[in-house]
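Visitor: Put together the whole structure using the sequences plus the hints.
In our numbering, each number is its position in the sequence shown, counted from 1, plus 7.
These aren't lab readings, by the way, just hints derived from the structure by calculation. Model, not experiment: these values are computed from the prediction. Quick reminder that beta carbons are idealized off the backbone N, C-alpha and C, glycines included. Watch out, some of these pointers could steer you wrong.
Stated by the list, open to error - In the SDA-like style, the derived pairs of lysine to any residue whose C-alpha atoms are separated by at most 25 angstroms in a straight line are:
| hint | residue 1 | residue 2 |
| --- | --- | --- |
| 1 | LYS58 | GLN12 |
| 2 | LYS55 | ASN282 |
| 3 | LYS251 | GLY263 |
| 4 | LYS264 | PHE138 |
| 5 | LYS288 | ASN10 |
| 6 | LYS182 | LYS288 |
| 7 | LYS288 | GLN11 |
| 8 | LYS229 | ARG254 |
| 9 | LYS192 | GLU205 |
| 10 | LYS167 | LEU208 |
| 11 | LYS114 | ARG235 |
| 12 | LYS173 | ASP217 |
| 13 | LYS243 | THR285 |
| 14 | LYS167 | SER269 |
| 15 | LYS264 | ILE298 |
Said to hold, decoys possible - Using C-beta positions, here's what the derived DEER-type ranges look like:
| hint | residue 1 | residue 2 | range |
| --- | --- | --- | --- |
| 16 | HIS265 | PRO295 | 15 to 25 angstroms |
| 17 | ARG254 | ASN232 | 20 to 30 angstroms |
| 18 | ALA227 | LYS183 | 26 to 36 angstroms |
| 19 | ASP223 | GLY57 | 37 to 47 angstroms |
| 20 | ASP35 | LYS192 | 36 to 46 angstroms |
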Amino acid sequence: MINQQSHFVDFDDHSIHLREISPDKPSDLPPVLMLHGAIEDGRIFYSKSGKGLASTLARAGHTVYVIDSRGRGQSTPPIGKDNNHGQFEMIAHTLPECHRWVLGRHKNHSKIHWMAHSWGGVVMCAALIRFPELVDSVESQVFFGTKRTIKQWSFERLFKVEFLWKRFGPWLAKKKGFFPFKQWKMGSDNETYLSISEGQLWVRDVAWIDPRDGFDYASAAKNVNWPRTWFIAALKDPVLGHPKDVRRFSEEMGHGKHTILSKANGNALDYDHINMLTHPKAVDDYFPHVIAFVNEVS
8 MINQQSHFVD FDDHSIHLRE ISPDKPSDLP PVLMLHGAIE DGRIFYSKSG KGLASTLARA
68 GHTVYVIDSR GRGQSTPPIG KDNNHGQFEM IAHTLPECHR WVLGRHKNHS KIHWMAHSWG
128 GVVMCAALIR FPELVDSVES QVFFGTKRTI KQWSFERLFK VEFLWKRFGP WLAKKKGFFP
188 FKQWKMGSDN ETYLSISEGQ LWVRDVAWID PRDGFDYASA AKNVNWPRTW FIAALKDPVL
248 GHPKDVRRFS EEMGHGKHTI LSKANGNALD YDHINMLTHP KAVDDYFPHV IAFVNEVS
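Guide: Structure, rendered in structure tokens:
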């Protein structure tokens, strides 16, 4: 049995939703903090009926907190034409504050496990680079389909990245105030103009420098004493988390274990960018390995 409840933490003029999914019986295992990717909210990790990686971790004894970033999911206010926040706010404010909030709820633990899907992993790494003092309180990181740059070519890339994310998306979001991915049934949630414009700069393989204040993540990353990190890619992920792009990001960090989910590597199926976290077979197929990694003694 597991329990679910919602918490709302106020930052500036935003209320951030964190979904807590916890085991029925108290456990001494460290908590887990999860962050979704672009055009998503936290439900990539859980459902009210108890499906997903977050629920699996809770059944294994971990209390899990899943973030809905600013304006997404149950966080308020929802993304609209007047939003003036982007990925910078998530890196520099929301994620570090959510991390400290979770530590405050678990005073018997000095460390938290971090997990992220897709672009959420870039945000998490950027936060640790910008605030290296957080590293001592992060036990491990597990990233699913996380890349910073996209270099693998396909028709899907031409549409989703070259046209939608780099050109049409920023243009429409600037004109409208946001891009209505959810209303157009192109994603689970919308994106602000700043999120798209800031993110697409990094996707272009330009220098890993913050467009707001010029912070050089690439240079500072060389001095980070990274926690145990596992990069998990999916064989049938041709664009948003291509295994080669995932590996390139880990090399940029200079750290990390790698796995490609595929039948050839002993998995139940050749996973893709989304079903690597949502397919029912993942629960018994490779989620146990994720739990084992998290529970390794440092």
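Visitor: All hints are to be evaluated individually against the structure, with a verdict given for each.
Guide: Taking the hints in turn, this is what the structure says about them:
The suggested pairing of LYS58 with GLN12 holds, with an alpha-carbon distance near 15 angstroms, which does not exceed 25 angstroms. At roughly 18 angstroms between alpha-carbon atoms, LYS55 and ASN282 fall within 25 angstroms of each other, so this suggested pair holds. Restraint check for LYS251 and GLY263: the C-alpha separation of about 14 angstroms stays at or below 25 angstroms, so the hint holds. With a CA separation close to 23 angstroms, the supplied pair LYS264 and PHE138 stays within the 25 angstroms bound.
Of the pairs offered as hints, the one joining LYS288 and ASN10 holds, with about 22 angstroms between alpha carbons and a cut-off of 25 angstroms not exceeded. The hinted pair formed by LYS182 and LYS288 fails the criterion: a straight-line CA distance of about 42 angstroms is larger than 25 angstroms. In summary, the hint linking LYS288 to GLN11 is supported, as the alpha carbons are separated by about 23 angstroms, within the 25 angstroms threshold. For the proposed pair LYS229 and ARG254, the alpha carbon gap of about 17 angstroms is at most 25 angstroms, so the pair holds.
Restraint check for LYS192 and GLU205: satisfied, since their Cα atoms lie roughly 23 angstroms apart, inside the 25 angstroms limit. For a cut-off of 25 angstroms, the pair hint linking LYS167 to LEU208 stands: about 15 angstroms separates their Cα positions. For a cut-off of 25 angstroms, the pair hint linking LYS114 to ARG235 stands: about 22 angstroms separates their Cα positions. Between the alpha carbons of LYS173 and ASP217 the distance comes to roughly 17 angstroms, so the proposed pair stays at or under 25 angstroms and holds.
Under the criterion of a C-alpha separation no larger than 25 angstroms, the hint pairing LYS243 with THR285 is consistent with the structure, at around 14 angstroms. Using a Cα cut-off of 25 angstroms, the hinted pair LYS167 and SER269 holds, with the two alpha carbons roughly 24 angstroms apart. In summary, the hint linking LYS264 to ILE298 is supported, as the alpha carbons are separated by about 15 angstroms, within the 25 angstroms threshold. A C-beta distance of roughly 18 angstroms is found between HIS265 and PRO295, which places it inside the suggested range of 15 to 25 angstroms.
Range check, ARG254 to ASN232: about 21 angstroms between beta-carbon atoms, so the 20 to 30 angstroms window is met. Restraint check, ALA227 to LYS183: a C-beta distance of roughly 35 angstroms satisfies the suggested window 26 to 36 angstroms. The supplied range of 37 to 47 angstroms is met by ASP223 and GLY57, whose beta-carbon atoms lie about 43 angstroms from each other. Taking the beta carbon of each, ASP35 and LYS192 are about 43 angstroms apart, inside 36 to 46 angstroms as hinted.
The earlier numbered hint that this structure contradicts is number 6, and it is the only one.
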